[in-house]
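Visitor: Sequence:
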Amino acid sequence: LITGGVQTMDCGVDRCLSYYLEPMIIISPFCKNAMTLKLKGVTNAPGEISVDAIKATWLPVYNKFVLNDEKLQLQINARGLKPAGGGCVTFSAPVVRTLRPVQREKQGKISKIRGQAYVTKVTPSLAYRMIDAAKKMLHVCIIFSSPGYGLFLTAETTEGIVYHGEAISKPKGEIGDPVVAEDVGTNAATALLEEIYRGGCLDASAQILACSFMALGQKDVSRFLFGPLTVYSVHALRHLKAFFEIQFKLEEWRNIQKAKDADEDEQVMRLGSENKALVTAMGIGFSNLNKNVL
Numbered sequence: 001l002i003t004g005g006v007q008t009m010d011c012g013v014d015r016c017l018s019y020y021l022e023p024m025i026i027i028s029p030f031c032k033n034a035m036t037l038k039l040k041g042v043t044n045a046p047g048e049i050s051v052d053a054i055k056a057t058w059l060p061v062y063n064k065f066v067l068n069d070e071k072l073q074l075q076i077n078a079r080g081l082k083p084a085g086g087g088c089v090t091f092s093a094p095v096v097r098t099l100r101p102v103q104r105e106k107q108g109k110i111s112k113i114r115g116q117a118y119v120t121k122v123t124p125s126l127a128y129r130m131i132d133a134a135k136k137m138l139h140v141c142i143i144f145s146s147p148g149y150g151l152f153l154t155a156e157t158t159e160g161i162v163y164h165g166e167a168i169s170k171p172k173g174e175i176g177d178p179v180v181a182e183d184v185g186t187n188a189a190t191a192l193l194e195e196i197y198r199g200g201c202l203d204a205s206a207q208i209l210a211c212s213f214m215a216l217g218q219k220d221v222s223r224f225l226f227g228p229l230t231v232y233s234v235h236a237l238r239h240l241k242a243f244f245e246i247q248f249k250l251e252e253w254r255n256i257q258k259a260k261d262a263d264e265d266e267q268v269m270r271l272g273s274e275n276k277a278l279v280t281a282m283g284i285g286f287s288n289l290n291k292n293v294l
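With UniProt numbering, the residue at position 216 of the sequence shown is 216, and numbering never jumps.
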């Protein structure tokens with residue numbers, strides 16, 4: 001029985017808060033009561049997906065499977081960096097009886113790019129330097145406890161797909177040369193461009209969320225176009241097969257495109273990587289019997 005309700009947790013400073021948010025988001029629709037979770041710790045860390053990325057890329061995927069998304073929210077109350085932490089986020093989500101099947105195969109074209117630069121206990125001019133460095137690369141194509149700075153970028157397609165790229169300075173006290181603001185901006189822009197090239201109908205970080213919801217959905221076919229599968233997603237598919245005995249059908253996107261008319265070849269060449277996978281699954285029909293009935 002997953003109770004849900006209002007919970008508060010101090011997550012320490014070893015891992016970013018996104019590490020704890022990922023499983024909470026996956027199980028949140030199946031609680032007895034609507035979940036309101038307050039987490040304290042590190043919001044942004046090098047080498048880890050940030051809470052900004054979870055908010056920008058995971059919640060849109062969540063919305064596709066859950067009809068009642070009125071209470072779905074991820075609020076960043078305070079930003080905290082390593083080594084001291086001090087960040088705080090609040091995640092709230094509705095409960096549902098079942099998840100709906102999703103058909104998502106068209107990724108669309110990039111229509112806009114947005115960004116968010118942040119600095120903590122350092123000169124604000126670093127934010128402008130990061131922004132300028134990111135713009136130079138992208139124009140070619142289209143209360144805190146620890147000091148630091150970072151840049152978070154998102155790109156949205158005409159179909160509402162959101163990709164992200166981010167970079168952050170080294171934590172205070174870490175061995176090695178410091179990362180200058182221009183490098184942070186360039187690294188964030190590079191990460192965004194790589195994610196755009198990977199393509200698919202969701203950000204690579206949200207593949208595990210889509211796989212989990214496809215498996216737990218109604219006994220109907222769900223179909224999602226993924227970019228190249230990440231190692232994390234491959235292991236997730238194996239775990240889902242072990243726990244729920246569900247088989248996912250993986251089709252190479254390039255083979256599907258070859259079967260289409262030759263007139264579309266020019267458009268295909270503009271959709272980035274050909275190593276995409278069309279993922280299809282029949283949900284197990286999981287029903288949330290814990291949900292309170294009014």
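Rather than coming from a laboratory, the hints here were simulated on the basis of the structure.
From a predicted model like this one, the values you see are computed outputs, not experimental measurements.
Mixed in with the good hints there might be a few duds.
Said to hold, decoys possible - 20 Å max Cα-Cα, derived DMTMM-like pairs, lysine to aspartate or glutamate:
no., residue 1, residue 2
1, 106, 194
2, 136, 177
3, 170, 182
Visitor: Residue 106 and residue 194: Cα distance at most 20 Å?
Guide: 19 Å, holds
Visitor: Within 20 Å, alpha carbon to alpha carbon, are residue 136 and residue 177?
Guide: 24 Å, violated
Visitor: Against the 20 Å threshold, does the CA-CA distance of residue 170 and residue 182 hold or violate the hint?
Guide: This hinted pair holds, its Cα atoms lying about 14 Å apart.
This entry does not satisfy hint 2, going by the numbered hints stated previously; all others are met.
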